[in-house]
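K.L.:
With the hints as a guide, bring the two chains together.
Protein chains in written order, with the numbering used here: chain A, 1 to 329; chain B, 1 to 370.
You may find that some hints are simply not true.
Take a look, some chain B residues computed to stay more than 12 Å from chain A by CB distance [as the list claims (entries may be wrong)]:
hint	residue
1	ASP25
2	ARG132
3	PHE303
4	LYS312
5	ILE314
No farther apart than 30 Å at their CA atoms in a straight line, the calculated lysine-lysine pairs in the DSSO-like style are these [what the hints assert, rightly or not]:
hint	chain 1	residue 1	chain 2	residue 2
6	B	LYS2	A	LYS81
7	B	LYS274	A	LYS82
8	B	LYS274	A	LYS232
9	A	LYS68	A	LYS221
10	B	LYS169	B	LYS2
11	A	LYS221	B	LYS110
Hints in this document: simulated from the structure, not taken from any laboratory.
Computed from a prediction, not measured in an experiment: that's the story for all the values here.
Glycine is no exception: its CB is placed at the ideal position from the N, C-alpha and C atoms.
Letter by letter, the chains look like this.
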Amino acid sequence: MKVGIPGGLLYYRYGRLWNSFLRALGAEVVESGQTTRSILTSGVSKAENESCLAVKVFYGHVLALQDKVDALFVPRLVSVKKRTHTCPKMLGLPDMARAATGDGSTIISPTIDFQSGLWHNYKAVYSLGRIFTSNPLRIIGAGIKAWREHRLYLERLTLGLDHKSALEGEAGSLLCEGRELRIGVIGHHYNVYDTFTTMSLLERLGGMGVDAVTADMVPEKLRDEELKRLPKDIYWSYEQEVAGAILACSRHRLVDGIIFMISFPCGPDSIIRVLCEQENKAIGNVPMLTLVMDEHTGEGGFLTRIEAFVDMLRRRKVRNEEPREAIAV
Amino acid sequence: MKISWPHMGSLEFVMGSVFEEMGVDYVLPPPNSQRTLELGARHGPEFACFPLKTTLGNFIEAIEKGADTLIMVAGRGPCRFGYYAETQRRILEEAGYDFRMVPLEFEPAKIPATLRRLHDLKQGRSWLSLYRAIKFALNKAYLIDRLERQALHQRYLDREKGATTAALKRCYALVWDAGSYAALDGIEEEAFAIMHSVPRVEREEVKIGIVGEFYLVLEPFFNLNVEEQLGNLGAYVERNIYLTDWLRPSGERPVLGHREHASELLAMAYLTHKVGGEGIFSVGDTVLFHNQGFDGVVQLMPFTCMPETIAKSILPLVSRDLGIPVLSVVIDEMTGRAGVATRLEAFTDLARFRRRAHGREADLTLQPAF
Ligand code: SF4
Ligand code: SF4
Chain A
1 MKVGIPGGLL
11 YYRYGRLWNS
21 FLRALGAEVV
31 ESGQTTRSIL
41 TSGVSKAENE
51 SCLAVKVFYG
61 HVLALQDKVD
71 ALFVPRLVSV
81 KKRTHTCPKM
91 LGLPDMARAA
101 TGDGSTIISP
111 TIDFQSGLWH
121 NYKAVYSLGR
131 IFTSNPLRII
141 GAGIKAWREH
151 RLYLERLTLG
161 LDHKSALEGE
171 AGSLLCEGRE
181 LRIGVIGHHY
191 NVYDTFTTMS
201 LLERLGGMGV
211 DAVTADMVPE
221 KLRDEELKRL
231 PKDIYWSYEQ
241 EVAGAILACS
251 RHRLVDGIIF
261 MISFPCGPDS
271 IIRVLCEQEN
281 KAIGNVPMLT
291 LVMDEHTGEG
301 GFLTRIEAFV
311 DMLRRRKVRN
321 EEPREAIAV
Chain B
1 MKISWPHMGS
11 LEFVMGSVFE
21 EMGVDYVLPP
31 PNSQRTLELG
41 ARHGPEFACF
51 PLKTTLGNFI
61 EAIEKGADTL
71 IMVAGRGPCR
81 FGYYAETQRR
91 ILEEAGYDFR
101 MVPLEFEPAK
111 IPATLRRLHD
121 LKQGRSWLSL
131 YRAIKFALNK
141 AYLIDRLERQ
151 ALHQRYLDRE
161 KGATTAALKR
171 CYALVWDAGS
181 YAALDGIEEE
191 AFAIMHSVPR
201 VEREEVKIGI
211 VGEFYLVLEP
221 FFNLNVEEQL
231 GNLGAYVERN
241 IYLTDWLRPS
251 GERPVLGHRE
261 HASELLAMAY
271 LTHKVGGEGI
281 FSVGDTVLFH
291 NQGFDGVVQL
301 MPFTCMPETI
311 AKSILPLVSR
321 DLGIPVLSVV
331 IDEMTGRAGV
341 ATRLEAFTDL
351 ARFRRRAHGR
361 EADLTLQPAF
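Bound conformation, chain B alone (with noise of 0.2 Å):
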């Protein structure tokens, strides 16, 4: 049996971990690429969800590689995530693929036919083994995650471009190497001395905030690179949904530090119900930010993703209303790069302008989507 799972940003390191931990055999999906989005987008239903699409390219060359048991996460919506591992099955088994899905569904009712996957999937290691992988794997998550921010933080006081970036890289390799909670603490301020040692210069600051759907705040690649490219605009990065949110489903951020419900709360102003996926934090998570005094917002969203659509309606409201400027950034296979970037490099602009017109009123039309 050789197992594997879709990429989403650093989630690689964290089931990586788990199953070398136990000594299970697994296989890594190539790393995203051009290829994956073609074989997604080919395969995948015309307009079902980018990363539907891009996490099936991901099965694609998993399979290609010789993994013959997927792992999915599964529910019951409202949107469609929850029905992703069932509709990639299908369209899998269609084309000809030979393979297991496993989905893993968290609600009570499917508890007992989890927790007979799990036990599938662990190839006879004991129940504590497993638990012990994933305990370490979350471990292992939070420093990834806090690495992570602190790139964001830093990135645009870099004195070459790029130079954060290398950093967190080396990092990620050094946490992937942790063999035990002791080398952990010792990696964890080895990390951070690397960050910190990074050369800065001296520079104005413009914070934006990233919101929008989860998997694709969290996948770079999908996402042009948005935080890459934030930050070598010059700005002050933060993002509102780090993996371990996801990991630990208990409404708790342990990143940023507040739970979901504070959330919730400042975004019942303008969308008064959940509407599934990320709707509710992609607007209460811009008032967070401007209440922060982040100085602008982008939002990313994939093209027909329904939650997210609910919230780029309502924005405007709240731009209008609390004077942040947002923008909405819609990303399918078509989506081209240097579209993207213009737009990115014209509303940090606007972001720096009102931020030294602080005060004063300062022009914050919109521009339009594409």
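So here's chain A without its partners, still in its complex pose (with noise of 0.2 Å):
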């Protein structure tokens, strides 16, 4: 069976995950691969006008797919972690996307949701491999061998791959190589890794001789303290690594700017966002540019913000090192 793996939203987490299981199960794997202009074109023209970018994306992927496979692998992660959730658009994903096609596809959709515990997981993981082969030891056996490959390609995130090097397994350049200047570029998986949709900024930042930290980057220890001062818990997954991220970056100096990535009209980071710039304000002030990215974003304008911005992190990191007595005169 051709299975078909769009290449948007979670797909920049779990995309080695799921194309190892599947494949380990003997399904003929298709990815969408990168976003593309027609891609963006398809997507924005298919799905409503009120959808965030990264939807958008997603549906552009789902089209391309469309026609070349015999169903659409869309699982639905409702909660990666206890007492949280994702965002609805991705418990709606898996039902958007077949109404994209016109329920003219079949969509596979594991429901995968750490509220309901381990074995409820098992069960839906499981029952996937059924579709396939009706062997369990090649299930359990898939099942380890993608885990691992997963944690693998997390672990290479964290040491500063990006996505694309982190699942060739094979580090060209570091994201963070010890450049004078290191800007945070935090956001969501897909709006920081998509290479079509924020213009290559890692590369970019790179060719101008800064280093980026992404989300990933920032030790979960540092991330899980600064959650847990926050007067209310976020109760968002992946907006708890964002703001968790940004705080921690923001309160140890990890960083001279911090580059917050939103896909336009995001809802949970329309939230987030109020509570990391007072925060930050409160903690660490470090100067923070917020990036607004949908179909619109024009490359010159974007560029020109980005410039601008770290040469003002240039200017401010060389006046701060001037010495005290210089300034005090």
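P.N.:
Right under this line is the structure:
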């Protein structure tokens, strides 16, 4: 059976996991690959105008695969951590994918929900496996293999590889190499690692001689510490990661500046943004640039803003490093 | 301590009744207005939900009127609503207002904290009196909801436009003045008599259902009076949400008479999981309305609302399968009244046409939403 994995949204986190699991089960896996102009355009024209850019891109990937495969693989991730949820759009994603194809494609969508305990998830994964094979050992073996590869992929991200080199397992260059300026590029995986919608921001920063720190590279312990300090806990799984990373960067001065990547009009981010901007002001006051990306974002304006931000950080750094006496005079 | 809370449809009567009954000081925010919206949009985050902005505007206007304690319900999502109180507190504090935000959370782990907050709010009155006041207010809410429903059903028959709305206003005042259960019983009869006595004309009926995001369905000022507009266009209207659904979080819908679960089951063919907010009910109740012989469904959605965006992506499929026309109205601070009026009119015509052509295949091309 030919199974398609649309390369949007959570593909940027679990793509490796899904791909190796399905392949180990004997499925022929087709990925839609990098986002392209035509994927974006078709997604934008099919999706609701009110959807966030990330969902529009996802629609594009679904449409690109639709006719090439027997089934689309769109898991429903309800919760990946106790007492949290993903974004509502991820809860409804398989159904939206079905609507996008006009009910024309089979959608395989196991429901993963860590609120209902491990057993539920085990069952979900197992019955997913049963679609492809009747050998229980093979399913378990595939699960273990895929999980290992997934861990490895995540580990590579924390070491500072970008999505693509983490998938391929070879580090051409690291995002963070100890250059003079360091900027936190924080946001959801798909808002940071999708080279098309971010206009290769990470690569460009490297080209400007700037180190980039992603949320994955901020130690989880520091992130959790920040989250514990909040007066009301954040109940979105991935939002916790984003807010935790921003606040940790701010408190411990891990970076010289922060770029917060948001896709317009992201629901959870619109709320978290208020929290992050306020808390950042209170604890570290690290310069922060919030970039809200949508399908109309032009490359020119985007680059100008990044360059201006980097220049500002450079000047600031030089100024702060001048001897104190000189300023006092 | 002067307590206040945001507007949401007839919520003011219910909350007001609780505090009146207990003899606790409160401030009613000025009625929703363009200014409310402007204040909210100015201070609110850029693409936050529309209701977050409007209720923020209510809070600011309430503080200006002397309120110092703001009540807001909070929770744990998955939607944004659970984080409203916290976000609004941050925004208002940064803007330099002086107040205390009291978020009421009803998940099991937060009950003790909520009880403590309620204890502060009741300012020394007994728990029993609070319980009695709430129970009485719920009775009023139930009556108001049934009156509103009556208005939805009969407005299209008005001999004079606006007569039903005026009658409803009189009923609100009556219910507001009721001081005891016995009085409430009498008022129930009187109010329904008032509603029934509105002069009517014979009219061909076309049935339109309203679904959508909770706040927007309940708040006539911000949904541009959709119910009234539809009624005046000649439609028998029903909506899938009443205030008491929210005040009694048991999954029961006392006014409509079915359980939420029934609607979820109907939605299953299209949306197989809850998505927060009213997403699943917007889908399920569209099916329900179709099953009940309605001729069209209007979906009300605040711009950027996540559950309704999902519903809106799925409703075309429902519409295609069942052949019921669905109009999604997206509302934010930029929405123009005139544009919505035109679309509602065209939609009512389409629904009427469909009713006449019943049995025959009518062309149900959807208009693009704006
Ligand atoms: S978290 Fe934001 S960007 Fe991601 S799917 Fe939800 S609304 Fe879209
Ligand atoms: S249902 Fe919609 S408007 Fe209401 S809180 Fe959720 S996203 Fe906002």
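K.L.:
Hint by hint, say whether it matches the structure.
P.N.:
Hints and how they fare:
{"no.": "1", "hint": "ASP25", "in the structure": "27 Å, holds"}
{"no.": "2", "hint": "ARG132", "in the structure": "31 Å, holds"}
{"no.": "3", "hint": "PHE303", "in the structure": "6 Å, violated"}
{"no.": "4", "hint": "LYS312", "in the structure": "5 Å, violated"}
{"no.": "5", "hint": "ILE314", "in the structure": "5 Å, violated"}
{"no.": "6", "hint": "B:LYS2 / A:LYS81", "in the structure": "40 Å, violated"}
{"no.": "7", "hint": "B:LYS274 / A:LYS82", "in the structure": "18 Å, holds"}
{"no.": "8", "hint": "B:LYS274 / A:LYS232", "in the structure": "24 Å, holds"}
{"no.": "9", "hint": "A:LYS68 / A:LYS221", "in the structure": "43 Å, violated"}
{"no.": "10", "hint": "B:LYS169 / B:LYS2", "in the structure": "27 Å, holds"}
{"no.": "11", "hint": "A:LYS221 / B:LYS110", "in the structure": "26 Å, holds"}
In terms of the numbered hints stated before, the structure departs from hints 3, 4, 5, 6, 9, listed from lowest to highest.
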